[in-house]
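Colleague: Here are the chains, one letter per residue:
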Amino acid sequence: MADPTESGYLDRVRREFTTQTWVLIPMGVALSVVAAYVVNVVKVPFLYLDALGVVLIAILVGPWTAALTGVFVNLVEGFIVNPTFWAYTPLQVAFGLAAGYMARRGWFRRYWKVVVVGLVLAIISIVMGAPITVLAFGGVTGTGSDAVTAFFRATGSNIWSAVVGQTLVVEPIDKVVTALLAALIAERIPARYRPETAAKVLDRDR
Amino acid sequence: MNGEPVAYHPDDSVVHRLHPVTKVVLLVCCILGAYLAPVPVLLALLAALAGAASLAGVGRAVGRAAVPILVPLGVGLLVIHGLFTKGAGVALLAVGPVTLWREGVLYAVSFFGVLTAFVLAGLLFVTTTHPKKLMVSLTEKGVPRKLGYVFVASLQLVPDLQRRAGRILDAQRSRGLDTSGSPRNRILALVALLTPLLIGALISTRTRSLALEARGFSIEGPRSSLYSLVESPLDHALRVAAVLGVVALVAWRLV
Chain A
1 MADPTESGYL
11 DRVRREFTTQ
21 TWVLIPMGVA
31 LSVVAAYVVN
41 VVKVPFLYLD
51 ALGVVLIAIL
61 VGPWTAALTG
71 VFVNLVEGFI
81 VNPTFWAYTP
91 LQVAFGLAAG
101 YMARRGWFRR
111 YWKVVVVGLV
121 LAIISIVMGA
131 PITVLAFGGV
141 TGTGSDAVTA
151 FFRATGSNIW
161 SAVVGQTLVV
171 EPIDKVVTAL
181 LAALIAERIP
191 ARYRPETAAK
201 VLDRDR
Chain X
207 MNGEPVAYHP
217 DDSVVHRLHP
227 VTKVVLLVCC
237 ILGAYLAPVP
247 VLLALLAALA
257 GAASLAGVGR
267 AVGRAAVPIL
277 VPLGVGLLVI
287 HGLFTKGAGV
297 ALLAVGPVTL
307 WREGVLYAVS
317 FFGVLTAFVL
327 AGLLFVTTTH
337 PKKLMVSLTE
347 KGVPRKLGYV
357 FVASLQLVPD
367 LQRRAGRILD
377 AQRSRGLDTS
387 GSPRNRILAL
397 VALLTPLLIG
407 ALISTRTRSL
417 ALEARGFSIE
427 GPRSSLYSLV
437 ESPLDHALRV
447 AAVLGVVALV
457 AWRLV
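In the order they appear, the protein sequences are chains A and X. Numbering-wise, the first sequence is residues 1 to 206 according to the working numbering. Numbering-wise, the second sequence is residues 207 to 461 according to the working numbering.
Hint data in this document are derived by calculation from the structure and do not stem from the laboratory. For glycine and all other residues, C-beta sits at the position ideal for the given N, C-alpha and C. Keep in mind that the hints are not guaranteed to be accurate.
As the list claims (entries may be wrong) - With the C-beta cut set under 8 Å, the calculated list includes, among others, these residues of chain X facing chain A: (1) Pro-278; (2) Leu-283; (3) Val-285; (4) Gly-328; (5) Leu-363; (6) Val-364; (7) Gln-368; (8) Ala-407; (9) Ala-454; (10) Leu-455.
Could you put together the complete structure from these sequences and hints?
Modeller: So this is what it looks like as structure tokens:
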């Protein structure tokens, strides 16, 4: 387990960042962006998968690398897709930290545990994402989820409960599928291509 | 990802020649200012952004990228606020059971103005700032070089990985992969598409990290750059003006 002193902890964080780590981060970023494109082709409703690269890096390297990947996912999406992504950067950082620490503690070893990880990510997304959507964007996201918000508004909810209601419907689906996909994909990586830092996933190396 | 990706438009206008750090300062100040400003100032800001875009010769590119982003946001705002924010209860338009409330529409329109400023400022920044020059300028200001590498490498990897994803999609479909049908099938199809994508990317990271190491990636010490970036008096003036503008708006809000 971790060295209780602060320098030991910082050392652990620093040890995460080898040259291979610095190369894996852009890959995680690009994978997150491209996963959104693949979902668009395969067309699964209520799925965005823009946290997939972050969760994969969390499994393959560790929490701090995943947090940094999260920063760059939204920075890069803001650059090439839509500047409004910049506002949601804190979410991706939190996803990376949460998934990374849970991966190290073996939360990706059983299917039900992976579902729990997905639900934790969904809670983070609701708690942090809803205020950003309401305060910075007046409650809209510019995606199909707005129809769900409009539905809740039509039932008489105020803007806060409507947006929270919308995220309660959409986020658990997206985040649980993201966590399961990340685990299934990480499990299928042949041993010789797995980074040495990778956490144990599903039934591998039991 | 609908439509064409937003990208840098090479040119040599006044806006392009601004120091990248100036543009970062202006971008942050524009976005903060848009949220703080009263309506007349917001309109002036929008006019300034549109003027800067046409001055830089990226007016059409920014417009084409902004429309698909802003239309869904605008429609969403109009529906979520215009139809359901009753306010004082003054109706603008009533068609059957659907009523458009005056207060909600006003709120939606003013908020749409803020979001338009946000998106225009972002797109103007992206279309006039060369990513590598941005990286070099931020490194000069003390941002770790490795972060700059991550940023530029990510931007370059996206189209590369996207091409690869397209090829994998074709290859798996030719082997009978079903990308339609039930949600369960589609999610399993995603595993079949994303696994080779990740493994391919992991293999290439090995080569990439060896290549970077061979070029002294982890050596400390000063580096020289291909780009020489100058800070003109205009840069300093704009930075000071932007920061003062935001400070003035904050003061106005607080008073």
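Colleague: It remains to establish, for every hint, whether it holds in the given structure.
Modeller: Now for the hints, and whether the structure bears them out:
1. Pro-278: 4 Å, holds
2. Leu-283: Because about 5 Å separates Leu-283 of chain X from the closest Cβ in chain A, which is inside the 8 Å limit, the hint holds.
3. Val-285: Since chain A brings a Cβ to about 5 Å from Val-285 of chain X, closer than 8 Å, the hint holds.
4. Gly-328: Gly-328 of chain X check passes; min Cβ-Cβ to chain A is 2 Å, inside 8 Å.
5. Leu-363: 4 Å, holds
6. Val-364: 5 Å, holds
7. Gln-368: 5 Å, holds
8. Ala-407: Given a least distance of 5 Å, the restraint on Ala-407 of chain X holds.
9. Ala-454: Hint on Ala-454 of chain X: violated, closest Cβ of chain A at ~22 Å, above 8 Å.
10. Leu-455: 17 Å, violated
Hints 9 and 10 from the list above are not met by this structure, while the remaining hints are.
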